[in-house]
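J.: Letter by letter, the chains look like this.
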Amino acid sequence: MWEQVDRILRQATSQVVDQVADFLPGVVVSLALLLTAVLVAIVVRMLLVRVLRGLEFDRRAEQWGLAGFANWSASSSPSLAVARATSWVIFFMGVLVSLTALNATIPSRLAMSMFEYVPHMLAALMILVAGGIIARLLARSALIGAVNMRIQSARLISLAVKWLVLLVAIAMALDHLGIGRSILPIAFGIVFGGVVLAAALAVGLGARDLVSRTLEQKLDESSRPNDRVDHV
Amino acid sequence: MASIGSNSSIQEAEVNVTHADIVVAIAAYNDVRTVGAVARAVRDGLAKFFGSHEARILLADAGSTDGTLEAARCAVGDMGLIELTYQRPAAMSGVLYHGHPGRAEALRAIVQTAHRLNAKACALVDASLHSAAPAWIERLIAPVLTDGFDYVSPYYVRHAHEGLITKGIVYPMFRALYGVRLRQPAAQEFGCSARLVSHYLEQNFWDRDQTSVGVDLWLAVAAATGGFGLCEAALGVRQPASRETPADLSTTLAQIVGALFMDLEDRVDVWQRTRGSAAVPIVGAGPEIGPDGASLNLERLIESFRLGYRELREIWTWVLPPRTIVDLRKLSEAPLERFQFDDRLWAGIIYDFAFGYNLRVMPPDHLLRSLTPLYTGWMASFILQVRNATSSQVEERVEQVCLAFEAQKRYLISRWRWPERLR
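Listed in order, the protein sequences are those of chains A and B. With the numbering used here, the residue at position 190 of the first sequence is 200, and numbering never jumps. With the numbering used here, the residue at position 358 of the second sequence is 1312, and numbering never jumps.
Hints are supplied without guarantee of correctness; some may be wrong.
Covered stretches of chain B, as calculated for chain A (at least 3 residues, CB under 8 Å) [claimed, not checked]:
| # | segment |
| --- | --- |
| 1 | 992–999 |
| 2 | 1112–1123 |
| 3 | 1230–1240 |
| 4 | 1350–1364 |
Derived CB-CB ranges, DEER-like [said to hold, decoys possible]:
| # | chain 1 | residue 1 | chain 2 | residue 2 | range |
| --- | --- | --- | --- | --- | --- |
| 5 | A | Leu148 | B | His1084 | 38 to 44 Å |
| 6 | A | Val178 | B | Ala1195 | 42 to 48 Å |
| 7 | B | Leu1155 | A | Leu177 | 49 to 55 Å |
| 8 | A | Arg223 | B | Ser1152 | 56 to 62 Å |
| 9 | B | Glu1268 | A | Gly216 | 28 to 34 Å |
| 10 | A | Met136 | B | Arg1371 | 34 to 40 Å |
| 11 | B | Glu1268 | A | Arg223 | 28 to 34 Å |
| 12 | A | Gly216 | B | Cys1028 | 56 to 62 Å |
| 13 | B | Ser1152 | A | Leu169 | 53 to 59 Å |
For the record, the hints were derived by calculation from the structure and aren't laboratory data. Being a predicted model, the structure only gives us computed values, none of them experimental. For glycine and all other residues, C-beta sits at the position ideal for the given N, C-alpha and C.
Isolated chain A (complex conformation) (with noise of 0.2 Å):
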């Protein structure tokens, strides 16, 4: 009986011992690319950093109507804080091809069914950028338009325009990953038909004296002498 124990004991041992023999080459791989990775993210940004500080990416990230992501960010400035994004997303990278060296089905399913959504995600993160540009452009646009007209409220204007854009650029971008694909559309109509709906009620109804007022005061405007000057 005794012999019988000690052959199943040497069976199971040997069994686990094979399977952490099989395992093992895995986890070591694994971990090796995890500090690659890692070593890269590193270099990478510090790389980055100073790339796009000799490029004055921060003074040009302002006039281009970045700086408002890096804001977001804890990041101090924009080169800092596309460095510190660049970093993370090969980190990232590095740990699904970790776990993928792992061997183990769940989670190599999962390194695929991320890499396969990675696309998606830069174009969302295209979007969002591309909209924050726009944004920035018209709602700047508006800003020196509205102050041009004399618009006592063209700060209010201007960041109506700015947050219109944004949403947009939002939505779209959500929509982009599969993020509430049929909530977002319906929510954002919901939004944005009861924002013009109030503002036409409130032109409508309460403000209607005003802006017949601002109108007779802007048509009689073009015939005054300041508007007729010859400035050539």
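Chain B: place on chain A using the hints.
T.: Same frame as chain A, now just chain B:
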């Protein structure tokens, strides 16, 4: 009626008439109310003062639909009108401050035709004027034919509140940059010699994006920087009839000032070497006019400046140094009676905007339009100072502004050469 065809702005016009001593061109677009009077003034001026010369009248019409062509033909009568055909813009490309679409193409066709006809003197008159007179033709042509000048710029007598973009920005900056005291560098009338016509055809500005709004100014710049003999002709009062699409102040300012700034980069070698400025001779004398009776709403202008300071200060900080922003804050807090825009501050602001424009710190249209509240502030300050002044007193005041621009030119050169040092 002779016919001149040019299906491309690059191709030279084909001319049936082979020679003319004098060419006077009329640039028109839907000017049926005024073109007849202008054409008659040109015809009478040529007959009265240059009867012994072979002269031709050109009409560069930008596709009028209101009978301008017929009115011009009728007014010129037997003398004959050469109607230029040139490549016109397919559609009105935005609002133009002068309301003349395809002006650059028209002027190019005129210059090409004058060159082809071997004209000794060429003059341009805008068809939208109420005030054109036969004497204008004599004043614009005679200095070229008899005195050997190459470029004759008009010198108009204007009320204090008229032409303030010219008085406050274009003339002072043109004078400081190129060292020539031409009071109307962006005028739509001028006279020029055959030598200058050839020089114009060699210029590279004809194919720029903004040529339609900048061509008048760039022709003056080309004359001033090309070593030509310049003079001014006193033409008296200029009374333009507003065309159908008058641009608002912001658009006008952006187009005129943009044209001035755009040329800076191309001529950096010239203006950085130019020191001081020289007066140019004035042919004839204009009438002295008294203070104008126009009642401008100065409070509204100042309020516009204050609104601009409140809302656009952040945009201005992209081009203006902190000390200028501080000065603007003080100015925005000043009451009407003490509202005075310092000349050096104003000159510095214009130079900072010129520098920012060429550095492309933001889209040019945003930058130029954000200048409007500053201009209204300066305008209010200027009118406050000269509202009861005679035309010669206004001239003195403009001279002070010009001197400030000349004094501050060193600052522009420094910023241009060492942009980071003054940041």
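J.: Looking back at the hints listed earlier, which ones does the structure fail to meet?
T.: Numbers 1, 3, 4, in rising order.
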